[in-house]
Amino acid sequence: MANEGSSSLPAGGMIIEAGSSKKYKTGEWRAQRPEVDKEKCTDCLTCWIYCPDNSIVVKDEKMVGFKYSHCKGCGICANQCPVKAITMKEEGVE
Amino acid sequence: MNLRELSHTEERLVEGHRLCAGCAEPIIARQVLMGTSKPVVVANATGCFEVSTSNYPFTSWNVPWIHTAFENAPATISGVEAAYNSLRRQNKISDEVKFVVFGGDGATYDIGFQSLSGAIERGHDFLYVCFNNEAYMNTGIQRSGATPKGASTTTCPSGTCTPGKKEFPKDLTRIIIAHDLPYAAQASPHNWKDLVEKSRKAFEIPGPKFINAISPCPRGWRHDGSQTIALSKLAVETCVWPLYEYENGEWRLTGESLRIAEGKKEKRPVMDWLNSQGRFKQLTKGKFSPVADEIQQNVDKKWESLLKLSKM
Amino acid sequence: MSEPMAINGDMAIAMAWKQIDPDVVAAYPITPQTIIVEAFSDFVANGEVNTEYVCAESEHSALTICVGASAAGARVATATASAGLAFMWEMLYVTASMRMPIIMAVANRTLSGPINIHCDHSDAMGGRDSGWLQMFGENVQEAYDNTIMAFRIAEDMRVRLPIMTCLDGFIITHALERLEMLDDKTVKDFIGPFKPVRPLLDVKVPTTFGPLAMPDYYYELKYQVQTSMEAALDVAKKTMDDFAKVSGRKYKLVEGYRIEDADYVMVAMGSTAGTMRYVVDQLRAQGRKVGALKVRLFRPFPAADVAKLLEGKKAVAVMDRAMSPGTGSPLYMDVLQSISRMKDPPRVSNYVYGLGGRDLIPGQLTEVFEEIMAGKGERINFMGVRK
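Chains as they are written, first to last, in the numbering used here: chain A, 1 to 94; chain B, 1 to 312; chain C, 1 to 387.
The hints are simulated quantities; they were obtained by calculation from the structure and are not laboratory data.
The model shown is predicted, which means the values in this text are computed figures rather than measured ones.
Keep in mind that the hints are not guaranteed to be accurate.
[What the hints assert, rightly or not] Only some residues are given here: those of chain C computed to face chain A with a beta carbon under 8 Å:
{"#": "1", "residue": "R99"}
{"#": "2", "residue": "N116"}
{"#": "3", "residue": "T207"}
{"#": "4", "residue": "D216"}
{"#": "5", "residue": "Q224"}
{"#": "6", "residue": "D241"}
{"#": "7", "residue": "F243"}
Virtual Cβ for every residue (Gly too), placed ideally from N, Cα, C.
Turn these sequences into a full structure, and let the hints steer you where they fit.
As C-alpha cells, then:
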C-alpha cells in the first residue's frame, strides 16, 4: 500500500534499490506448478537457460529445484526438458 | 561455451517482473546480457519489457537502466555513450562500460526507426536488441511494420472481408545492414548458444551493432505459454526467421539455418508455422487459404536471396 | 572582465558555452538558433572545448541525447527554437520529471502555420507547463548573463530542473550589440563543477531511471517538480545577487522601471522591455504617471514580486508576444493570477502583439498607454492586426 510522501521519495522517480522486484511474489499467479524427478534429471540446465523468471535454482552447476515464490507456471521447462524429467501439476491440488 | 559455465554469471535481470508467463523477452534479455562480464548500462524503449521490469517502486534491474520514451531509446543510449566518451576523455571516470538497448518491434521498426538509424549513422558504441513479437503488444496486440502478412491483430483483424494484415513485413534487419554497420544478426531464444555467441561477438566489436530476435508472444500469437521456445525454433526451421549474421560486409548463415542451407536439415513448410498459432488460423483453410501460398512464396524468395548473399 | 565587443545574441551564447565547456552538447539546427551550433562546432573542431558534441538527427533525439547524457553524469547544454521545441514537447515533460538539469537556449521563433521564421514567444509558451524553468533576456548582454546564471540555478541541488534561456529570434539572436564577457575563471568559479546524482555511469550504484508509476505513486513524483519550482524562486534570486557581485550587473526576477509612483503600468518580456522603457520616459516627460514592469523569470512565475509592484496601480497593460486563441495570453493570465487576492486590484488588459515577427513601433505602445489611461480597450486586444 503506497504511503510514502512526495518529499521522502528519491528525486525524479529513480529507483535506488536494485533488483527490488524480488519482493513481488509472482508465484501467486500460478495455475500449475513444475515438479522435477531428480532420478531422470541430467543437470543439463536446459530448463535454467529457458526460464523467463529465473525460477530454476542452480547450485554448483546442478539443478536443485524451483523458486516457487516467483515461478509463474508457464511450463516451458517441462516442454523443453530433453529427458522429460519435469512435469506440470495443477497448483493447489495435493 | 556450455550452460554449466554460464550458470555462474550474475543475473542482471531478476525475478518478480510482470511479464506474462512464457514471455520470450526475458529469456532473450538474459541470454544477451550473458554476452559480456563488463559493466553494462541498459536503455529501454517503452513497451512490455520496460513497463514490466520497472513498475515503481519495484525494479528487476541489477544494473544501471534508463527509460525515457517510446521512440528514442537509441538516442537515449547515444547520450549515455556521449557522456561516457566525454568523461573518460577528461579522466573523470575510468571504468570500461558496455551499452545495450532493448526495444520491441514497435519501437524499432516503426516509431523509433529514425532514432535507431541516426544513432547507427553517428557510429555510437552500443548493441541494439530488438524483441520482435511482430505487433504492438503492450497496447493490446495492434499491427506493426513487423507483423506478418495474413496475421490477425486488433487493428488488422481477420474478418469476413479481409484475413488480417494485407502487407508483408519490413525486413528491418536488411535495412539496418544497409547502414553498413560493423555487425548485425538475426537470432532466436531457442538456440541459446547461437544467441549468446552473437551477443559476445557484438559486445566486443566497437561501434553500433544490431541483433533482431524472434520473440513469440503467447497472448498476441495465441499459443500456450509453454510453447514459446518450441515456436521460436519452428520459426527458424520453416525459414520464416532465418538465423544469420552480417560482419564486415560478409553474410553468414548460422545454427539451424546453416544446416538447412547445407542440406543437412529439412526445410519445413510454412503451413507448419501457420498451424501453430491462433493468429493465423483463418489462413489454414477456407477462402483465405491462398494467402498461405503467398506467404510460402515470399519466405522462399527471401530464403533464396539470403542463400545468394551468404554465397551458399 | 574583458574588453566590450560587438557580437550577436547567438554568438554570445556560443561564447558562454565555450567558457563553461559542457561535457555534452547535442543539438539540431533550426533558424534562428543555427549560429549557436555552428559557432560551437568551430570551437569543437579547433579543440577549444572538451565537449562531446553530437549532431542529432532531430530535435526530439537532441533533447533525448541530452537526457541520457545528464543521467549518465554529464553537464549538458543545447539550443532550439520554434518547431524544434514543439517536436521535443513530449520530452520536455520527461526531462523535468526525471530532474535532469539541462540548459537550453531558445531562440524564440513562432510556431507554424503558416511557416514563419520570425520572433514571437509561442514556442516557449508551449513548454510553460512542462516543469522547465524559463528566463527571458532583453538583449545580447542578458542572453550571455542569463546563460551563465542558468547553469547555476538549474544545477542547484534544491532545484535540479531543466531551464530555457529565451532570447528573441533575429531581434537578439542576429543583432550586433555590445557585450562585456566575464573572464573564463570567473565563469568557471561561478558555476562550479557539475554534481551528478547516482549517475548511470557509476555502476557501483545501479539505479533505475524513468520507471512506470501507477496512480498510487505518480502524483507524489510529479509533485516533486512543483516543490522544486517553488525552491527555484529563492535560488534564482540568490544567484542573481551573487552574479551582481562578480559582474556589477544587478538583475532581479522582475524589474520595475519608474513604477513606484506610477498609476499605469505596462508589463512585457524580452526585447520589448527596452522599447517599453523608452516610451515610459517619453510619457513621463509629458508628466504622465506611467511605469514599466519587466519579467525576467517567467517560470516559476514570481507572483508575490509582481503583486507587490502592481499594488495600488490603476490600470495595467500586459504585452504578450504569444496568443492563446479563445482566452487570455500566457503572461496576462499569470499576472491576473498574481493579483487575484488583492483587495483593490488594477484593471488589467491583455495586448497581443508582434506575432510572426510583426514589428513593434514605439508609437503603438504609446497608444496602448493612452487607451488604458482613458479606461478604454477590451479585456483581450490584438495590437497591430489588420482585422
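Results for each hint:
1. R99: holds (4 Å)
2. N116: This hint is violated: C:N116 lies away from chain A, its Cβ roughly 36 Å from the closest one there, beyond 8 Å.
3. T207: Cβ of C:T207 sits 5 Å from chain A, so the hint holds.
4. D216: holds (4 Å)
5. Q224: holds (6 Å)
6. D241: Status violated, d = 26 Å.
7. F243: Violated. Min distance 26 Å.
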